[in-house]
Amino acid sequence: DDAMNPAEWELHSSWRRHCPEPRICLRVFRILSIAEAWMLAVAVGVAMYATYAQPAGWPIAVSGDYMIVFQLTSFAVALLLVFRTNAAYARWWEARTAFGRWLNSVRNSQRMLISWTPASEAYLVREYARWMASLTPAACAYLRRKDCYWEHCAEVLAPGEISWLRGCDNPPVKVLMVLSGLVARTSLDSYQRAAIEAELSAYDIALGACERISRQAAPKAYTRHTSRFIIVYLTFLPFALWSYTKWLTLPVIVVLTFLLLGIENIGIQIENPVSVLPLHSFCAGLKTAALNMVKHQHQVHAALEAG
Amino acid sequence: DDAMNPAEWELHSSWRRHCPEPRICLRVFRILSIAEAWMLAVAVGVAMYATYAQPAGWPIAVSGDYMIVFQLTSFAVALLLVFRTNAAYARWWEARTAFGRWLNSVRNSQRMLISWTPASEAYLVREYARWMASLTPAACAYLRRKDCYWEHCAEVLAPGEISWLRGCDNPPVKVLMVLSGLVARTSLDSYQRAAIEAELSAYDIALGACERISRQAAPKAYTRHTSRFIIVYLTFLPFALWSYTKWLTLPVIVVLTFLLLGIENIGIQIENPVSVLPLHSFCAGLKTAALNMVKHQHQVHAALEAG
Amino acid sequence: DDAMNPAEWELHSSWRRHCPEPRICLRVFRILSIAEAWMLAVAVGVAMYATYAQPAGWPIAVSGDYMIVFQLTSFAVALLLVFRTNAAYARWWEARTAFGRWLNSVRNSQRMLISWTPASEAYLVREYARWMASLTPAACAYLRRKDCYWEHCAEVLAPGEISWLRGCDNPPVKVLMVLSGLVARTSLDSYQRAAIEAELSAYDIALGACERISRQAAPKAYTRHTSRFIIVYLTFLPFALWSYTKWLTLPVIVVLTFLLLGIENIGIQIENPVSVLPLHSFCAGLKTAALNMVKHQHQVHAALEAG
Amino acid sequence: DDAMNPAEWELHSSWRRHCPEPRICLRVFRILSIAEAWMLAVAVGVAMYATYAQPAGWPIAVSGDYMIVFQLTSFAVALLLVFRTNAAYARWWEARTAFGRWLNSVRNSQRMLISWTPASEAYLVREYARWMASLTPAACAYLRRKDCYWEHCAEVLAPGEISWLRGCDNPPVKVLMVLSGLVARTSLDSYQRAAIEAELSAYDIALGACERISRQAAPKAYTRHTSRFIIVYLTFLPFALWSYTKWLTLPVIVVLTFLLLGIENIGIQIENPVSVLPLHSFCAGLKTAALNMVKHQHQVHAALEAG
Amino acid sequence: DDAMNPAEWELHSSWRRHCPEPRICLRVFRILSIAEAWMLAVAVGVAMYATYAQPAGWPIAVSGDYMIVFQLTSFAVALLLVFRTNAAYARWWEARTAFGRWLNSVRNSQRMLISWTPASEAYLVREYARWMASLTPAACAYLRRKDCYWEHCAEVLAPGEISWLRGCDNPPVKVLMVLSGLVARTSLDSYQRAAIEAELSAYDIALGACERISRQAAPKAYTRHTSRFIIVYLTFLPFALWSYTKWLTLPVIVVLTFLLLGIENIGIQIENPVSVLPLHSFCAGLKTAALNMVKHQHQVHAALEAG
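Protein chains in written order, with my numbering: chain S, 1 to 307; chain V, 1 to 307; chain Z, 1 to 307; chain L, 1 to 307; chain F, 1 to 307.
Careful, some of the hints might be misleading.
Intra- or inter-copy, both count: the list cannot distinguish identical chains.
Claimed, not checked - Simulated pairs of lysine to aspartate or glutamate, EDC-like, Cα-Cα distance not exceeding 16 Å:
1. K146 / D169
2. K220 / E8
3. K220 / D1
4. K246 / D65
5. K220 / E21
6. K295 / E155
7. K295 / E121
8. K146 / E10
9. K220 / D2
10. K295 / D169
11. K295 / E127
If you are wondering where the hints come from, they were derived from the structure by calculation, not from laboratory data.
The shape of chain S in the complex, shown without the other chains:
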């Protein structure tokens, strides 16, 4: 889910949102293909039994009377799906909020540093911006255990610095220590240093939230129980449904599986938000924010002089 601009919001709320998107439906079908195949097989089996075996005197196994069991338990399917959806969405939004908090830490700590340091310490401010720009890639590489995020650091860090960080067990904590060390080298007094440290701590707390979410899944007992419950529900549904919908049972089961397992599947996807959020664009955006504040600092200075 990438960032939205006004035009995309426009599209997002147009009537086209109601149209089926074959490409996406197909992708979801492919994800669910094994469950779909199983459901279809069961439904075909039930249809065969009801059409040929049962009239021939085999024991009664397909009957509309069984529907009452599904009516009584549909609330339980509902509540498990609701819980799944809400818990997964809350995790996703908490992670997104934590990533957003990083941007505030960048902007607030640099705004204070720029206002408070004398002109003679401009090189420390530039160093700070340089390391701040590499903090988010380091954090993303650490969270996802992937190396592709380091490329965002190529412009701002020396190769030796990158290779040092890549060898660390926890690169973002190291970068935060460097930033903290840079602040300690300025002539700021201890109160001002602590105010900037507070923003670094806020970054660390937001990083901790992302770590927590990406390390700890929702209790698997719930996740599994939900999956299992829906599978049991859908597997036995044809036995009751046949009497009502006859051969239409086959498409009905396919569509129901798509709709119900589709909800469950989305919950599974967004439960681990660091794998679906656009981390590369966060890296790029925060790097730009960090570097531009220093680059355009003279414009702010000019505006202050002119005022």
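Once you have looked at the hints, place chains V, Z, L and F on chain S.
For chains V, Z, L and F alone, kept in the frame of chain S given last:
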């Protein structure tokens, strides 16, 4: 949704709220017109088939027996709509809360600045109020990528300043840097400066919340799945409903579509709250708040002297 | 809803809570009278049509078969009512919490001021308590745009001060500026002043929450859609219900309207919490808290000396 | 609900939790006895009417057809119960969290005080611990307007001090003022004093949350509407249920009343959490925490020296 | 529920999650075995009665008409399960968040300490890391009242120190006092000390949250009412279900019991999160984090010099 005064609250809770508002209903109908047309077409087709084709020996496709499928799945429609509604409303209220936090930053930072600066620095306080008054228009212009909000700055900023800001990639951050620079020019000690910076940081965090909400839609998988599910549900409903309501199926489907898609549609509208909240009145209100605190400062001084 | 004491809690949880309270039921009936009259009229019309017109060969419009439509949509009524109720209650409790925060600001800021100022500045502490006691009435008068709250200031402010405040566009902000000015006149150091300012800022933030809640209704689209949906639901219900309950349809519809619209009506009432919370008792309580802390200060001093 | 230890948790999750507990069921029955008696009377009356009067030609009042009305409205009963339960639980947990915050204030403020004061001010630290130990009993006595909590102060306060506090209108605020005064007598600098004051303010805020919860019930309109709705629902249910369950209607109604009113009744009980939480054990626990930190301070000192 | 790595997330969202896991199902069955046995016994009894006794003229006790009672009350089962699930999950996640906050306290306090102390006080920093590494085991041992967590301290604390802590009534508070005492021995000024104390206080608050959650179960009235309600519901269900599903009632009841009591059982398990979260891996992780920051400090220093 503009600000409410007591008279509007009165009206809001009167019995008239139950009356249909043809103008608004029509507008909603227009938004939903394509879906409505589709549903009506399906219903007419089903009616035709059931009236002429099916009695003539065509395969049975319209039957009251199918209703059980819709009864079993109505909970899933319900839960998707609930989730949609709650998530959209939470986004809307979070954005509204963030806009409200801006007002507190204006009032708190100026109150401290006015109390703490000596009379000789009154020109810095006025400068601060002038830039504070243009901070919200800059933030709104940035959030909505629209130029109309800059007109609120016309009274307080020089044309050159406005054109500089309009050229920036992130105007509100620049204004915050100017405000921070102004505070650094006062004779406040480093602790007092930091206390005011904390309010600027709070403004930045609230701005970040608005950016986050306006850049990141709820996971599109849910949004799309909800839209799709309701469309599938309503499209096939006439096949089951015909046996119960005959030709009344047509108006029933139209009304049901209006009611269910209406809920979904409101969710879509408020999912992007910065496009529905009254940003122009926020700009005007915060400008007034910023300028009046400085303008009426002498009254407070008089009250203190008299006490 | 006034403050509860233990005896009222006792009563609140006794079995008497299950008894109908004719006075309150009548009041609710009066509020809903127009909707009730409309529903009753529809039900009588349906009864007439079903009893006389339909058997006489008029087109069939009243049939138990239609009930399926109401069964399918009852979940949507439910979810809209749930959403309405939860959103309104959340607003109400957020406002109540904000009012409660005011009390903490009064107590915390005065506790610090009393501990930190030397005996020679007792007159500033008294001035502070005097203005703090008028802060809440000023805020309530501002929030509700009503003048009756100023009477709580009569004892503590001079008539000239009250008339000045009443003429202000935002009286509580002015009082906060006076309080801030008083703190600046003490001999506290800048850190101590800032600690007290933080409590004033907390007051301002709680005030901002109340402003936000009283200015911004929940999205009217939802409110209206909910009202409309219930009205449509109940209006057409007799057409399906007649076959089941015959002439009992009339009382059933009246009771259903009372129960369902009653829920919606409570949501409407508490959506604007500043008009239902006991603001006068908040004003009185916070005034007492502010003045008593100064009045009983010598007892605390005595306890400290004795320890 | 007292504190749980591991053995109780073990018991809590054993299969015995499914067994009926006659003692508790009886207690709940006694609480609900009047409602139960009423429901049973109605059910008996309905049974009589349906058995003797209706077959004898009296107007039809008992019919299975009426069940549709109860099916349509069961969602509304459900949503009111859900709302009741969630709101009451949220209040209960918020109060519990506030009580827990008190413990942190005790530990944090004393940890800082002990670390920062020189050995020569040990008597002030002991005084602080003594008053801190009496803060929670004072707060509990104030919240519940009961005198039994003062006994926890008997060991630490002099009789004169207790009688002074008991005579105060707001004892915990007085104790906080004493604590604040003690901190002001130490040689800590103004920043350190403010850091400890911040913990006292946190205590005051948690106290304010408890006051708010114990003074302000959930909107009574909801509470009453819920009670009334369930009573109306259950009272008329036998008229529809008789046709299905005949004389079993009597036990069914008794059990249903027990189950549904039982949910509502729990909501009522925990809505006022300060009357159900174990305040006496909080008083004892916080007193021990406060006194032990000072008593064992020398061990910490020894560990530091040895390190 | 142990920490997840990317490979486990992959597995977690694969189609295999839908497959029944016999081992886990068996374990759940064993937990629920007594309830299952009871349900099965009831179902067999009902089947016997309906097959032999009832046709022989015994009073009618098994009838499909009774199903309406279960349809009317299924919403109440649903709402109690939803409440149970949500409340238990919220407790679980709050505890997990508190454990995550500990990590931030370790990293933030050590980052500030390392940046701010001069090289001559390196031994105090090492002491601080040593005690910080034993803080989490001490807290876990205290929370779970188990001794096995002390083994994590074996490397960092002397045997005497461990035995002292094990003898304390509240070991983590003692360790926090030691840490606070170490900070007081550095040459940091009072503001810097307070900034580090704030992180220690944050640790204490997170510890308090864990204590609160592990001491206070959700109101037992709800827990018991939920268990009881489900048992009553399932126990009487066969009386109504027999007419629909005949001898299939037996497996149906077994599966329903498994699914519904399974949900309740998970709620019970995660209600006490400190017993299910991976505390040993938290201990190990936080120890590594604390010690590594000091061990790799020279690398950060080198990076700063090179910059």
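Checked hints:
no.: 1; hint: K146 / D169; in the structure: within (13 Å within a copy, 30 Å between copies)
no.: 2; hint: K220 / E8; in the structure: between (36 Å within a copy, 12 Å between copies)
no.: 3; hint: K220 / D1; in the structure: between (25 Å within a copy, 7 Å between copies)
no.: 4; hint: K246 / D65; in the structure: both (15 Å within a copy, 10 Å between copies)
no.: 5; hint: K220 / E21; in the structure: between (32 Å within a copy, 12 Å between copies)
no.: 6; hint: K295 / E155; in the structure: within (15 Å within a copy, 29 Å between copies)
no.: 7; hint: K295 / E121; in the structure: within (15 Å within a copy, 30 Å between copies)
no.: 8; hint: K146 / E10; in the structure: between (35 Å within a copy, 14 Å between copies)
no.: 9; hint: K220 / D2; in the structure: between (28 Å within a copy, 10 Å between copies)
no.: 10; hint: K295 / D169; in the structure: between (32 Å within a copy, 12 Å between copies)
no.: 11; hint: K295 / E127; in the structure: within (12 Å within a copy, 24 Å between copies)
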